[in-house]
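K.L.:
Sequence:
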Amino acid sequence: MKRGVDYIGVGIGAVIINREGKVFLEFRGKKARNEKAKWACPGGGLEFGESMKDSIVREMKEEYGFEIEPLEQMDAIDHIIPKEKQHWIAIGYLCKVKRGTPKILEPEKCEKIGWFTIEEMAKMPLAIPTKHRLMGLRKKYLGKLKKLYLQ
Numbered sequence: 096m097k098r099g100v101d102y103i104g105v106g107i108g109a110v111i112i113n114r115e116g117k118v119f120l121e122f123r124g125k126k127a128r129n130e131k132a133k134w135a136c137p138g139g140g141l142e143f144g145e146s147m148k149d150s151i152v153r154e155m156k157e158e159y160g161f162e163i164e165p166l167e168q169m170d171a172i173d174h175i176i177p178k179e180k181q182h183w184i185a186i187g188y189l190c191k192v193k194r195g196t197p198k199i200l201e202p203e204k205c206e207k208i209g210w211f212t213i214e215e216m217a218k219m220p221l222a223i224p225t226k227h228r229l230m231g232l233r234k235k236y237l238g239k240l241k242k243l244y245l246q
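In terms of the numbering used here, the sequence shown opens at residue 96 and continues consecutively.
By construction, these hints were calculated from the structure, which means they are not laboratory data. Treat each hint with caution, since some may be false.
Pair ranges (Cβ atoms, derived) [stated by the list, open to error]:
id	residue 1	residue 2	range
1	196	96	31 to 39 Å
2	156	207	32 to 40 Å
3	182	230	17 to 25 Å
4	166	215	15 to 23 Å
5	156	218	25 to 33 Å
6	113	179	14 to 22 Å
30 Å max Cα-Cα, derived DSS-like pairs, lysine-lysine [what the hints assert, rightly or not]:
id	residue 1	residue 2
7	117	204
8	97	131
9	131	156
10	204	226
Quantities reported herein were computed from a predicted structural model and do not represent experimental measurements. We treat Cβ as the ideally placed atom computed from N, Cα and C, and that holds for glycine.
Let the hints inform the model, and build the full structure from the sequences given.
P.N.:
Here you go:
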């Protein structure tokens, strides 16, 4: 049985900000689980017995080789993709870089990475949860991401 397909999956995503107040995004590759060829806040599936914070910290270490610090939990959303016959509950965490520089460690799942302003993100083809996170960032943190990073 496959999570997100045969039953509702739980995905944990990281909205990672840097010192400049930019957001880290991945461009989903050919072997990504869903929403290929879209820019997205990175994340992964929650494993049984794992806390949500531990999950997102582990995923970033495995997929990008750097450490993050979750700052606060964002809202949960329905990530329903009718064309792909998938249903996920997507939970986001606002995070900052703790140590290291991200690099692509799973090139089949992720083709490109980068740091983008909220304004730049608004012009990009974004995955469903990332569109939602962008709206949340605009509403709550527009012009304040640099300050948030320094807290």
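K.L.:
Next, verify each hint and record whether it holds.
P.N.:
Verification of the supplied hints:
Between residue 196 and residue 96 the CB atoms are about 37 Å apart, so this pair conforms to the stated range of 31 to 39 Å. Against the hinted window of 32 to 40 Å, the Cβ-Cβ separation of residue 156 and residue 207 comes to about 20 Å, which falls outside the hint. Restraint check, residue 182 to residue 230: a C-beta distance of roughly 21 Å satisfies the suggested window 17 to 25 Å. In this structure the supplied range 15 to 23 Å holds for residue 166 paired with residue 215, their Cβ-Cβ distance being about 22 Å.
At roughly 30 Å, the beta-carbon separation of residue 156 and residue 218 lies within the given 25 to 33 Å, and the hint holds. A hinted range of 14 to 22 Å for the beta carbons of residue 113 and residue 179 is inconsistent with their spacing of about 31 Å. At most 30 Å may separate the alpha-carbon atoms for a hinted pair to count; residue 117 and residue 204 meet this at roughly 22 Å. For the given pair, residue 97 sits about 18 Å from residue 131 by alpha-carbon distance, which is consistent with the 30 Å threshold.
With a CA separation close to 22 Å, the supplied pair residue 131 and residue 156 stays within the 30 Å bound. Distance restraint check for residue 204 and residue 226: the Cα-Cα separation of roughly 20 Å lies within the 30 Å cut-off, and the hinted pair is therefore satisfied.
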